[in-house]
Amino acid sequence: MSDVLSGARAPFTIAAEGRPHHLGIMTTFSGLNLPENILSAITKMGYETPTPIQAQAIPPLLEGRDVVGVAQTGTGKTAAFALPLITHVDADLRQVQALVLVPTRELAVQGADAIDEFASQTTGLRVVSVYGGSPYGPQIGKIRDGAQVVVGTPGRIMDLIDRGSLKLNGVHYFVLDEADEMLRMGFAEDVDKIATDLPAKRITALFSATMPNQIRHVARKHMTDPVEITVTPSASTISTINQTFAVVPSRHKVGALARVLATTEADAALVFVRTRATAEDLAIELTTRGVHSATLSGDVQQRDREKLVERLRSGSLDVLVATDVAARGLDVERIGLVVNYDVPREADTYVHRIGRTGRAGREGTSLTFVTPQERSRLRRIANITRAKLTEVELPTPAEVSGLRARKLVTQAKERYEAGRLSVYRELIDEFRAEQIQTDKGMSPEDLIAALLALGVRDPGPQADDEPERLTVSFDDRGDRRGDRRDRGDRRDRGDRGDRRKSNSARTFDSDGTMYRVEVGRRDGVSPGAIVGAITGEGGLTGSQLGRIDIYPTFSLVEIDREIDAGTQKKISNARVSGRNLNISRDTGPRPSDDRAVRKHRADRKFGDERRSGGSFGDDRRSGRRFKPGRKPRNFR
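Residues in the sequence shown are numbered from 0 upward in steps of one, following numbering that gives the first Met the number 0.
Among the hints, a few may not be true.
As the list claims (entries may be wrong) - Restricting the straight-line Cα-Cα distance to at most 20 Å, the calculated cross-link-like pairs of lysine to any residue (SDA-like) are:
1) Lys569 with Pro551
2) Lys306 with Ile558
3) Lys568 with Ile558
4) Lys569 with Arg521
5) Lys412 with Leu402
6) Lys406 with Glu517
These aren't lab readings, by the way, just hints derived from the structure by calculation.
Work out the full structure: start from the sequences and follow the hints.
Spelled out as structure tokens, the structure:
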């Protein structure tokens with residue numbers, strides 16, 4: 000089960016009827032007046048000590064009072080409203096009695112699972128999660144079969160009400176979770192309509208990370224004399240997170256991120272960006288550097304989202320590039336590193352981002368990339384959150400390659416134990432014989448060093464090599480023009496769905512084989528999604544993929560070789576944007592022939608808009624693993 004009962008402990012205040020006063024923190028759940036069956040259940044789960052929000056929200060909710068709780072993500076809010084909910088719902092009455100509104104599909108699933116597990120230990124309530132992007136049938140079926148608790152997103156809740164599939168007349172326990180995020184996402188009208196249609200006699204709980212005027216207005220309009228509880232910012236997950244930052248010019252951010260991911264000791268990493276387009280572009284760039292990653296944004300289909308989260312949990316995916324909204328409610332224990340690819344505009348966003356790691360008492364690390372011009376923004380966040388951020392140096396290419404080579408040596412030792420190496424010993428004997436005949440012979444040690452370099456994809460010195468040291472000081476303003484040119488978030492190009500051409504050269508010399516996949520612009524597909532599906536399912540690497548052209552209903556992908564029928568079948572079964580790729584050889588002209596492409600488009604009666612994912616290649620500064628740590632300086 001998710002650690003919904005766990006959270007950081009800290010001082011807090013509670014205000015009843017607007018009069019704040021300080022209260023002590025109860026030490027056990029036994030002091031919260033919970034029914035014996037619920038107390039026994041959570042004790043069997045191994046929990047004895049409530050978090051601050053639980054200690055102060057549970058008693059008034061048990062008494063039937065309305066509650067407004069202000070607390071950050073990861074402080075145990077789900078149990079704070081779920082445990083009282085179970086006591087107020089009749090498991091023998093087959094109708095919806097409790098409604099929980101959440102902003103995202105992930106939170107709907109997570110919240111329903113938590114309530115279901117609590118209830119399964121006690122009364123056996125029926126709980127259903129409802130959200131967009133999934134079929135109506137199963138959700139409606141569970142409601143019709145007598146679910147007493149519905150956890151869902153405002154949009155799907157409104158749809159079910161309009162269809163007559165969800166009746167609100169029996170609801171007497173209502174929860175608004177992550178209320179500020181729901182309003183920020185544009186659900187204000189839906190929330191207001193749902194709350195207005197509920198029975199007047201009910202218990203209402205509102206939980207929010209912040210308390211802006213709009214939230215206060217909701218509380219005044221839809222709640223009765225609520226108990227107001229505020230958990231101070233220090234009660235967030237910040238205390239369990241090692242917060243670091245690196246001053247990196249915009250033009251070197253991709254390389255810096257690749258080095259970080261190449262050397263992190265975290266099991267999995269979550270990279271935050273502001274826009275969908277930046278997420279897609281970054282995932283593509285990471286793939287070109289040998290770092291397999293996936294993109295999670297607001298337009299990802301629910302089925303694909305669930306697969307991504309499951310892959311992250313299972314360990315088949317280690318790097319996820321996400322936008323803020325898409326990552327709401329994401330709770331994966333393996334995430335040990337959160338990277339802010341850009342400095343968040345708001346302190347609350349920063350707290351929510353880094354809160355994806357260090358949850359429930361686990362330790363985590365956050366790393367924020369900041370340009371020299373963003374010093375004041377970072378300082379403001381540090382002041383508001385009262386956090387201490389430590390400046391770190393990023394690893395050099397030599398350090399990255401060295402770490403990956405050591406792993407390769409370890410693997411070689413294991414391979415040696417497996418045996419059957421005679422064919423390779425024969426090659427070594429041939430090598431020695433050849434070297435005797437040359438004036439500039441290589442020693443076996445030279446051969447091993449060269450093989451290690453090839454094994455970690457280190458091609459040797461290149462004309463376009465990045466600097467050894469990517470970080471600069473806050474006083475270095477020489478990158479200002481480059482920062483303005485590269486800072487895509489200021490122009491919000493991703494919101495229009497535009498794409499940029501990559502200037503990267505093809506990673507294979509001869510012409511590749513062009514393949515067609517049956518997903519296109521009308522499906523909202525991105526080059527990064529296509530790359531992830533082909534490399535993930537077909538066993539190919541990013542360096543084997545060349546140009547990608549996205550048309551309205553299909554896309555063309557260049558691969559450096561012909562792929563066999565078995566590989567085609569695996570790739571064809573991969574799903575992107577809810578559709579199978581169904582890859583096949585393309586018989587049209589090559590995209591490199593501009594005149595032929597124009598004719599090809601006209602023949603197919605499609606528009607002339609084209610998206611290009613650029614080319615893909617390997618980079619010696621690639622791999623997996625980094626632990627920030629050199630030359631620390633405290634930033635307050």
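Each hint tested on the structure:
1. A threshold of 20 Å between alpha carbons decides the hint, and for Lys569 with Pro551 the separation of about 24 Å lies outside it, so the pair is violated.
2. Taken as a hint, the Lys306 and Ile558 pair is broken in the structure, with Cα atoms around 26 Å apart against an allowance of 20 Å.
3. Taking the CA atoms of Lys568 and Ile558, the gap is about 16 Å. The hint holds against a cut of 20 Å.
4. For a cut-off of 20 Å, the pair hint linking Lys569 to Arg521 is broken: about 23 Å separates their Cα positions.
5. Restraint check: the Cα-Cα separation between Lys412 and Leu402 comes to about 16 Å, which is no more than 20 Å; the hinted pair holds.
6. Taken as a hint, the Lys406 and Glu517 pair is broken in the structure, with Cα atoms around 39 Å apart against an allowance of 20 Å.
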